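Undergrad: As they're listed, the protein sequences go chains A and B. The first sequence maps to residues 1 to 463 in our numbering. The second sequence maps to residues 1 to 486 in our numbering.
Hints may be right or wrong, so weigh each one.
In silico DSS-like links for lysine-lysine, alpha-carbon gap of 30 Å or less [what the hints assert, rightly or not]:
| # | chain 1 | residue 1 | chain 2 | residue 2 |
| --- | --- | --- | --- | --- |
| 1 | A | Lys-45 | B | Lys-128 |
| 2 | A | Lys-45 | B | Lys-296 |
| 3 | A | Lys-199 | B | Lys-3 |
| 4 | A | Lys-134 | B | Lys-128 |
| 5 | B | Lys-234 | B | Lys-145 |
Some chain A residues judged to face chain B by a derived CB distance under 7 Å, without partners named [stated by the list, open to error]:
| # | residue |
| --- | --- |
| 6 | Ile-66 |
| 7 | Leu-69 |
| 8 | Val-70 |
| 9 | Gly-326 |
| 10 | Phe-329 |
| 11 | Leu-362 |
| 12 | Ala-394 |
No wet-lab data here; the hints were simulated from the structure. Treat the numbers as computed from the prediction; the structure is a model and nothing was measured. We put the beta carbon where it would ideally sit given N, CA and C, even for glycine.
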Amino acid sequence: MSLNLGNTTTIASGGTPNRRNTELALLVFAVIIPVFAYANVGLAKNDELPSGMIGYGLGIGLIAGIAHLVLRKFAPYADPLMLPIATLLNGLGLVLIWRLDHEPNLSPANAAPSQLMWSALGVALAIGVLVFLKDHRILQRYTYISMVVALVLLILPMFFPARFGARIWITIPGVGSLQPGEFAKIIIAVFFAGYLMVKRDALALASRRFMGLYLPRGRDLGPILAIWGLSLLILVFETDLGTSLLFFGMFVVMLYVATERTSWIIFGLLLSAAGAVFVASFNSHVASRVNNWLDPLARASNDGVTETAQAMFTFGSGGLMGSGLGQGFSRLIGGIAAKSDYILATIGEELGLAGMMAILLLYALLIERGMRTALAARDPFGKLLAVGLTGAFAIQVFVVAGGVTGLIPLTGMTMPFLAQGGSSVIANWALIAVLLRISDTARRPAPAPATNPDIEMTQVVRS
Amino acid sequence: MNKPLRRVAIFCGLLMLALMVRANWVQFVQADELQSHKDNRRVQIERYAHPRGNIIVEGKAITGSVETTGSDFNYKRVYKNGQMWAPVTGRSSQAFGGTQLEEIYDGILTGNDDRLFFNRTVDMLTGKPREGGSVVTTLSNAAQKAAFDGLQGKKGSVVALNPETGAILAMVSTPSYDPSKIAGNSQNDTKHWVEYTEKNKDEDPMLNRAIRQTYAPGSTFKVITAAAALESGKYDVDKKTGIESPYQLPQSTNKLGNSAYDRLCDDATLRRAMELSCNATFAAISDDVGNEEMIKQAEKFGFNSEVFTPVRAVSSVYPEDNRPQNAMAGIGQASNRATPLQMAMVTAAIANDGKLMKPYMVDRLEGPRSTVEQFKPEEMGQAVSPETARKLQEMMESVVEKGTGSRAKIPGVTVGGKTGTAQRGEENKANPYAWFISYAKSGNGSPVAVAVIVEDSDAARGDISGGGLAAPIAVDVMKAILDGKR
Chain A
1 MSLNLGNTTT IASGGTPNRR NTELALLVFA VIIPVFAYAN VGLAKNDELP SGMIGYGLGI
61 GLIAGIAHLV LRKFAPYADP LMLPIATLLN GLGLVLIWRL DHEPNLSPAN AAPSQLMWSA
121 LGVALAIGVL VFLKDHRILQ RYTYISMVVA LVLLILPMFF PARFGARIWI TIPGVGSLQP
181 GEFAKIIIAV FFAGYLMVKR DALALASRRF MGLYLPRGRD LGPILAIWGL SLLILVFETD
241 LGTSLLFFGM FVVMLYVATE RTSWIIFGLL LSAAGAVFVA SFNSHVASRV NNWLDPLARA
301 SNDGVTETAQ AMFTFGSGGL MGSGLGQGFS RLIGGIAAKS DYILATIGEE LGLAGMMAIL
361 LLYALLIERG MRTALAARDP FGKLLAVGLT GAFAIQVFVV AGGVTGLIPL TGMTMPFLAQ
421 GGSSVIANWA LIAVLLRISD TARRPAPAPA TNPDIEMTQV VRS
Chain B
1 MNKPLRRVAI FCGLLMLALM VRANWVQFVQ ADELQSHKDN RRVQIERYAH PRGNIIVEGK
61 AITGSVETTG SDFNYKRVYK NGQMWAPVTG RSSQAFGGTQ LEEIYDGILT GNDDRLFFNR
121 TVDMLTGKPR EGGSVVTTLS NAAQKAAFDG LQGKKGSVVA LNPETGAILA MVSTPSYDPS
181 KIAGNSQNDT KHWVEYTEKN KDEDPMLNRA IRQTYAPGST FKVITAAAAL ESGKYDVDKK
241 TGIESPYQLP QSTNKLGNSA YDRLCDDATL RRAMELSCNA TFAAISDDVG NEEMIKQAEK
301 FGFNSEVFTP VRAVSSVYPE DNRPQNAMAG IGQASNRATP LQMAMVTAAI ANDGKLMKPY
361 MVDRLEGPRS TVEQFKPEEM GQAVSPETAR KLQEMMESVV EKGTGSRAKI PGVTVGGKTG
421 TAQRGEENKA NPYAWFISYA KSGNGSPVAV AVIVEDSDAA RGDISGGGLA APIAVDVMKA
481 ILDGKR
């Protein structure tokens with residue numbers, strides 16, 4: 001505010017207020033709500049306030065506080081809602097994972113402490129991005145390096161053994177495993193943004209009209225078909241429906257925004273449909289997912305109750321208000337993904353429809369802030385990067401939440417911030433950091449015009 | 001670039017909207033269906049989350065609940081003297097479901113019944129654990145025990161009723177099973193279940209013979225034939241019937257008689273024929289009265305319809321049939337069949353001066369704080385006129401006094417009864433069923449009517465007769481009730 005007052009006489013444009021105090025107030029809620037949820041789980045499970053409550057509260061508070069201070073220093077004009085929403089989702093995710101840790105049969109056991117560590121690492125990475133990436137346009141220089149890195153990250157898991165029916169992990173013995181797809185999401189957005197910014201005119205203008213549609217030239221079509229092929233390769237060799245959909249969807253969205261040509265959307269949808277039909281008819285893994293989706297309550301071939309059915313029961317049993325944290329039976333979902341892919345089901349049962357709507361609104365709000373950042377950005381690269389990252393985030397939320405609730409066939413992906421998994425939480429914090437950086441640049445007041453000697457004079461006199 | 005950007009933003013908004021609509025669909029519209037789906041284990045978990053209410057006999061619980069470990073069910077059912085009470089309680093098994101009273105009153109026992117809503121709310125507000133209600137039965141511990149002990153080592157069933165109210169006092173079926181052994185969902189329970197269901201196919205321990213098995217009623221059916229005879233007005237207790245023994249069956253070359261008593265049965269009175277259990281007399285009466293009237297009389301006693309006690313009892317049958325079959329049905333040796341409960345109802349109606357009361361085994365349902373429902377005796381109808389009933393009583397008392405039922409005498413008590421030895425198997429090769437039905441009088445009413453059937457036993461074929469095998473069990477049961485009255 002004080003900054004604004006001082007500038008009134010010098011500039012007319014900009015004038016965006018610094019919203020850091022708003023952010024601080026929201027952050028207080030974003031920390032307190034998970035702490036209460038934590039206490040709630042402790043009371044429900046052990047009839048006492050959990051001993052780690054103060055440590056957990058201080059931990060989240062500290063992480064959020066440091067991030068907030070870094071924003072004040074390095075990105076003062078950044079969007080005030082992103083950090084609190086991400087903190088709240090991350091905090092609630094930790095509580096839910098800790099709550100599921102109470103169920104002895106769910107793997108991985110005792111996941112909450114390591115998830116807290118990964119969250120801290122994620123925030124640290126976000127802080128690193130904010131401190132060292134002074135302007136997002138610097139990323140533009142790394143367009144083609146990004147492409148190479150992203151390709152390597154995407155192709156690498158093919159050489160590692162499949163886990164749980166999908167090859168999306170890189171396993172380093174003794175260290176752990178990594179889902180490179182989560183990081184590739186950000187890096188490939190940088191590549192798309194850089195590439196499309198340069199080629200957008202060629203793609204948009206040099207085209208032939210055919211049946212009311214502008215068809216791209218053959219040589220412009222090349223990169224698009226290459227991405228499509230890559231998505232299909234991921235799908236076929238890594239059996240990862242979600243990642244493949246995510247990349248192709250992100251690319252089509254960015255292409256559309258860059259060229260403003262609706263024909264790209266139609267072209268993209270046709271390619272997706274062709275790819276989906278091709279894979280669904282040749283891949284039994286994908287086909288079984290589709291069957292589960294068509295008849296979610298059907299028994300499995302061994303007459304057991306499927307995970308899909310269990311997830312539906314979990315949601316249904318929650319009803320309007322839910323059973324209360326710690327008092328549901330989402331452990332019945334079992335398997336290996338109760339704490340990751342299916343974590344939304346625990347919310348559905350224990351917090352009810354009310355809690356589900358709240359969580360979905362938080363995601364919707366975060367996406368809305370991302371889109372607003374893209375609209376507000378002044379440079380095409382920033383716009384494309386912001387819409388690409390936000391679009392990818394939105395598609396991911398839709399694919400996971402839609403899959404778990406039975407709206408679309410289930411694909412193995414994680415709910416950003418909520419789900420257990422180190423790669424996911426670190427990558428999503430980095431994604432938020434890049435968006436914060438773009439929004440800071442976008443909302444930053446325009447630089448002051450060239451110094452006017454007269455004003456200097458008066459200032460000297462005044463002081 | 002802003003125009004397509006806005007469109008993308010709207011598209012993302014629509015994606016989120018679709019998710020919210022879906023959440024509402026699953027968690028609101030479909031919620032009830034999903035919550036109560038048979039594959040939703042929460043239904044089972046909830047059922048066994050709290051100690052189950054009990055089934056009560058004479059103020060004492062015959063069931064219990066114990067905490068279990070190693071399963072997501074907190075409690076499981078246990079039964080005291082399970083083999084003896086299984087035909088009454090049925091079972092409540094985590095793995096194999098529930099039957100009989102346990103199943104019918106599951107809502108009361110778990111506390112989930114709508115009528116216990118107030119209790120649940122109070123418990124929830126005061127923080128007390130959920131408590132189930134209890135099912136108070138009409139059974140008598142002493143009578144049940146007497147019947148169960150009497151059938152030890154034998155295959156058979158006993159049903160005892162209070163003729164004046166229809167209250168079931170004893171209901172035993174042997175060989176029986178212990179529902180405690182299959183109440184859980186462990187491997188042990190499965191092992192016992194397999195033993196009960198597969199290994200013992202001919203023993204069939206989980207069959208409740210008292211209400212789910214029909215038998216040829218044999219000579220005990222003669223009381224119904226006698227009732228039809230008296231109601232027709234053509235016959236009287238001490239009037240000669242004019243029927244020859246052996247009797248030439250209608251439309252047949254076969255003759256029917258009682259090899260030892262043919263001389264005594266020839267042109268006997270109804271009383272004499274009942275004392276000696278003369279086949280010729282009752283077959284001829286059945287033919288004389290006719291199939292239609294016989295069906296009517298049998299149905300007045302409860303044949304041809306199911307009875308809910310509230311546990312369902314299968315219907316006993318007296319079918320439409322041709323003349324020779326109808327004549328044979330008059331002595332209980334044709335296609336007519338009866339459950340032990342049905343024969344107890346016949347006896348009880350006669351002892352209660354012709355008025356048939358609906359048999360019932362639950363006196364009241366109790367919530368943790370108050371009675372939820374009190375059951376009252378119900379009349380099913382007048383099976384025979386009071387006059388006919390008294391004549392039938394006279395005859396049945398003669399049977400015990402001077403006839404085939406002499407083993408049922410109880411000093412100082414008036415007892416009426418009828419024996420039955422039902423032939424079965426091809427050319428009567430299998431061991432026959434030994435039947436005995438009886439009632440005892442005390443004061444001016446009758447407190448107990450019993451039907452006993454012994455299907456098979458290790459006894460030699462010659463020793464199997466209603467009077468020899470079944471009557472002593474009936475006596476023990478009647479004594480148990482009479483002793484309790486004093």
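Undergrad: Run every hint past the structure and note whether it holds.
TA: Now for the hints, and whether the structure bears them out:
For the hint pairing Lys-45 of chain A with Lys-128 of chain B, the CA-to-CA distance comes to about 17 Å; that is within 30 Å, so the pair holds. Between Lys-45 of chain A and Lys-296 of chain B the CA atoms are separated by roughly 66 Å; this puts the pair beyond 30 Å, and the hint is violated. Our distance criterion of 30 Å between C-alpha atoms is met by Lys-199 of chain A and Lys-3 of chain B, whose separation comes to about 19 Å. With a CA separation close to 61 Å, the supplied pair Lys-134 of chain A and Lys-128 of chain B exceeds the 30 Å bound.
The suggested pairing of Lys-234 of chain B with Lys-145 of chain B is violated, with an alpha-carbon distance near 43 Å, which exceeds 30 Å. With a least beta-carbon distance of about 30 Å to chain B, the hint placing Ile-66 of chain A at the interface is violated under the 7 Å criterion. Taken as an interface hint, Leu-69 of chain A does not check out: its beta carbon lies about 31 Å from the nearest beta carbon of chain B, beyond 7 Å. Taking 7 Å as the C-beta cut-off, the interface hint given for Val-70 of chain A is violated, the closest approach to chain B being about 28 Å.
With its C-beta approaching chain B no nearer than about 15 Å, Gly-326 of chain A sits outside the 7 Å limit, and its interface hint is violated. The beta carbon of Phe-329 of chain A is positioned within 7 Å of a beta carbon in chain B (closest approach about 5 Å), and the interface hint is therefore held. The beta carbon of Leu-362 of chain A comes no nearer than 10 Å to any beta carbon in chain B, farther than 7 Å, and the hint placing it at the interface is violated. Interface restraint check: Ala-394 of chain A against chain B, minimum CB-CB distance 4 Å, threshold 7 Å, status holds.
This entry does not satisfy hints 2, 4, 5, 6, 7, 8, 9 and 11, going by the numbered hints stated previously.
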